[in-house]
Amino acid sequence: MSFAANTPVDMHARAKALIARKRRLAFALPLVALAYFVYIFFAFDLAGLAGRMRWDNAVTLVSDTYSYKTHVERNNRTGEIEVAVEGERKGTYDVTNYPTWVRLGEDVTAITLDDGGTIEIAGDVVRYDVPGFGVIEATQSRAEGVTINLDPAALPDWISYSNTRLMVTTDAARLSLTKARTEVFVYEFGWELFWFTLESPYYAHSISDILFGARIDPSRSNLTGAWQDFWNNAIWRHGDTAWALFETVLMAFLGTFGAAIIALPLAFLAARNFAPLVAIRMAARRLFDFLRGVDGLIWTILLSRAFGPGPLTGALAILFTDTGSFGKLFSEALENVDEKQIEGVASTGAKPLQRYRFGVIPQIVPVLLSQVLYFLESNTRSATIIGAITGGGIGLLLTQAMITQKDWEEVSYYIVLVVLLVMAMDSFSSWLRRKLIKGD
Amino acid sequence: MADLTANTLDATRAHYMALTRQRRLYGGIMLLVFVLLLASGFGIANDRNAGGFLPGLPHIFDFPADVVAEAWQKRANLPGHLRDAIPALIETINIAAVATLTGACGAIVLSLLSTHGLAPWPRLIPLFRRVMDLMRAIPEIVIALVLIFVLGGGPVPAAIAIAFHTVGALGKLFSEVNENADQKPLEGLASVGATWPQRMMLGLVPQVAPNWFSYALLRFEINIRASAILGFVGAGGIGYELKNAISWGQGKFDEAAAVFILLFLTIVVFDQMSSMVRNRLTHGSMKPGPLKGAAQ
Chain A
3 MSFAANTPVD MHARAKALIA RKRRLAFALP LVALAYFVYI FFAFDLAGLA
53 GRMRWDNAVT LVSDTYSYKT HVERNNRTGE IEVAVEGERK GTYDVTNYPT
103 WVRLGEDVTA ITLDDGGTIE IAGDVVRYDV PGFGVIEATQ SRAEGVTINL
153 DPAALPDWIS YSNTRLMVTT DAARLSLTKA RTEVFVYEFG WELFWFTLES
203 PYYAHSISDI LFGARIDPSR SNLTGAWQDF WNNAIWRHGD TAWALFETVL
253 MAFLGTFGAA IIALPLAFLA ARNFAPLVAI RMAARRLFDF LRGVDGLIWT
303 ILLSRAFGPG PLTGALAILF TDTGSFGKLF SEALENVDEK QIEGVASTGA
353 KPLQRYRFGV IPQIVPVLLS QVLYFLESNT RSATIIGAIT GGGIGLLLTQ
403 AMITQKDWEE VSYYIVLVVL LVMAMDSFSS WLRRKLIKGD
Chain B
4 MADLTANTLD ATRAHYMALT RQRRLYGGIM LLVFVLLLAS GFGIANDRNA
54 GGFLPGLPHI FDFPADVVAE AWQKRANLPG HLRDAIPALI ETINIAAVAT
104 LTGACGAIVL SLLSTHGLAP WPRLIPLFRR VMDLMRAIPE IVIALVLIFV
154 LGGGPVPAAI AIAFHTVGAL GKLFSEVNEN ADQKPLEGLA SVGATWPQRM
204 MLGLVPQVAP NWFSYALLRF EINIRASAIL GFVGAGGIGY ELKNAISWGQ
254 GKFDEAAAVF ILLFLTIVVF DQMSSMVRNR LTHGSMKPGP LKGAAQ
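So the protein sequences, as listed, match chains A and B. Quick note: the first sequence uses our numbering, first residue 3, plus one each step. Quick note: the second sequence uses our numbering, first residue 4, plus one each step.
Calculated directly from the structure, the hints in this document are not laboratory data. On a predicted model such as this, the values are computed, not experimentally measured, just so you know. In this text, a Cβ means the ideal position worked out from N, Cα and C, and glycines have one as well.
Cross-link-like lysine to aspartate or glutamate pairs, in silico, DMTMM-like; alpha carbons within 25 Å at most:
| hint | chain 1 | residue 1 | chain 2 | residue 2 |
| --- | --- | --- | --- | --- |
| 1 | B | LYS246 | A | ASP47 |
| 2 | B | LYS175 | A | ASP428 |
| 3 | A | LYS24 | B | GLU190 |
| 4 | A | LYS437 | B | GLU182 |
| 5 | B | LYS255 | B | GLU73 |
Computed list of chain A residues with no C-beta within reach of chain B, every gap over 10 Å:
| hint | residue |
| --- | --- |
| 6 | THR9 |
| 7 | GLU82 |
| 8 | GLY89 |
| 9 | ALA145 |
| 10 | SER162 |
| 11 | ASN165 |
| 12 | ASP219 |
| 13 | THR226 |
| 14 | LEU279 |
| 15 | ALA286 |
| 16 | GLY346 |
| 17 | ILE366 |
I would like the entire structure built from these sequences, with the hints used as guidance.
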């Protein structure tokens with residue numbers, strides 16, 4: 003490097019060129035990104051997305067997350083009336099505990115809605131008194147189908163009517179009438195039967211009743227009984243959900259720590275300063291690349307064919323992928339160890355194994371632990387995804403609830419649980435990291 | 004310290020040895036508890052699995068062997084299958100690229116808003132940090148499945164889901180990078196009356212851009228894997244092809260083999276490329292941050 007050669011003019015020219023290049027780059031990069039997005043716009047068919055979008059699905063999803071509906075259904079063939087939460091068999095009311103807004107008369111079933119409207123089902127006739135609109139009266143008969151008292155040509159858009167079906171949708175309720183059945187859906191705020199199902203004696207009792215009140219079920223103490231009925235709630239299945247959460251954590255825990263234990267000795271073989279033979283080093287490194295390259299998805303598929311669905315398969319899939327990642331990271335950490343400490347231990351006459359134990363391990367343990375704990379947190383998320391594919395843990399419950407496309411309140415319940423779980427694991431792993439690495 | 008007699012020395016040594024023994028005992032107990040946890044965990048996982056570990060172990064190569072055998076038998080079709088799977092592969096990579104680009108843009112904004120010394124509204128820093136935590140905590144698959152329900156299958160739900168997660172993950176790393184940036188250029192710019200965007204653009208970005216880029220590349224690599232997985236649950240791309248091809252008894256294992264090969268090669272190629280670029284970017288100036296970067 004001779005500075006004499008770099009005349010001021012020369013340096014000036016070079017600086018100008020450099021700045022010009024940077025300026026071109028500053029303009030070119032956004033342009034390239036823009037061009038790419040234009041390409042994506044067509045490749046992903048964003049223009050057609052609006053057509054494919056199902057707004058009604060979005061509305062169902064959002065309204066289901068904070069409200070539930072109770073079905074009042076009359077089977078028009080048999081004349082039977084059934085009141086059930088979300089139309090589920092497990093949520094069916096019997097005559098003794100009908101909600102207060104349903105009155106079952108001799109031949110008229112009357113429903114009082116929150117906004118003051120009333121619906122009466124009297125045999126084959128339905129009368130819906132909509133506040134501010136008037137009475138809609140509809141009759142179904144086998145011969146004439148569905149007939150209404152309004153002019154079919156001048157209906158507002160919240161009433162849809164044809165000869166076979168009448169649909170009335172208001173904010174308070176939805177009414178549907180066909181030849182087969184008369185259905186009323188009433189929306190209410192909250193998650194239905196979250197604590198107890200209808201057959202539980204504790205249903206509709208307040209917390210203070212259960213804690214301090216008289217014994218409700220003579221055969222059990224209030225606290226045990228309430229806990230049992232809550233834990234075994236047939237609709238929300240709290241017990242199974244807790245197990246699923248535990249399985250997900252278990253998959254992450256076993257996968258992460260199993261991988262760390264397997265990767266540690268292998269990492270010595272892949273580190274330049276510990277593996278004497280190039281061949282062994284290369285073999286170990288290619289093994290890590292292979293384990294990482296065959297992604298978690300492929301491992302999951304392969305392993306579930308051998309071990310069937312379940313948490314073990316998920317744990318092993320995480321273990322295989324992470325053995326590759328840990329092997330690479332650990333061997334990099336091993337290549338950075340300070341030789342002086344090993345020499346110091348060796349100078350006291352330590353054997354090779356003792357040299358590793360007292361010269362190497364204390365240096366790398368903080369680095370390794372911190373990596374392992376980072377992975378533990380991220381693997382909790384991976385375990386959810388792997389669970390959805392292989393069938394285990396909360397991921398399975400989540401996909402099941404989504405595929406049925408009706409219990410969206412359960413989906414939101416699971417989503418909340420998953421997010422809380424991941425955040426808890428995040429705090430736990432960073433707490434442990436602080437404790438173990440900085441603590442002593 | 005005149006009377007460093009043998010007595011006090013012995014006492015000190017005894018005390019030291021006692022401490023060491025206690026430490027070893029605690030360490031040993033911790034290790035024992037950990038091993039017990041691990042063993043019982045494997046026991047529980049084994050019990051709750053559909054097939055056990057030991058009965059399944061001999062069959063671990065059955066499926067790969069089936070795939071390889073069938074692919075070998077129909078090896079003439081393999082080049083054709085590889086060619087057919089390429090559009091799906093490109094879709095998977097596109098999903099990851101779009102998600103990384105948009106996610107990185109969001110992460111830049113959020114990280115600036117949540118770094119002390121840079122944030123325009125310092126009081127809101129905790130809020131923006133919580134937002135990033137939340138975005139990081141929601142698994143991609145949750146958002147993807149919900150969006151598939153609303154938007155229908157295809158690449159868009161997957162891209163949005165991955166981008167959402169990327170904002171949280173990169174935002175945290177970016178704000179750690181920002182914290183280490185030199186404040187002097189920013190103060191200099193502020194003293195000549197530069198606005199907040201100008202200060203960020205001219206004072207901060209030149210300092211941190213290489214590190215941002217390096218983390219974004221690492222994220223891109225992770226996102227390719229995520230995008231393949233989301234395809235498997237119905238978001239299009241190569242994961243979807245794979246799901247269709249691996250079902251039993253369809254005689255499509257040759258297609259599955261093609262997809263396996265492509266997916267493996269893609270992941271390895273991007274893995275190697277990104278680590279090469281990152282090494283060159285950070286060569287000499289800093290070690291690539293494998294610690295936080297590698298965690299998904």
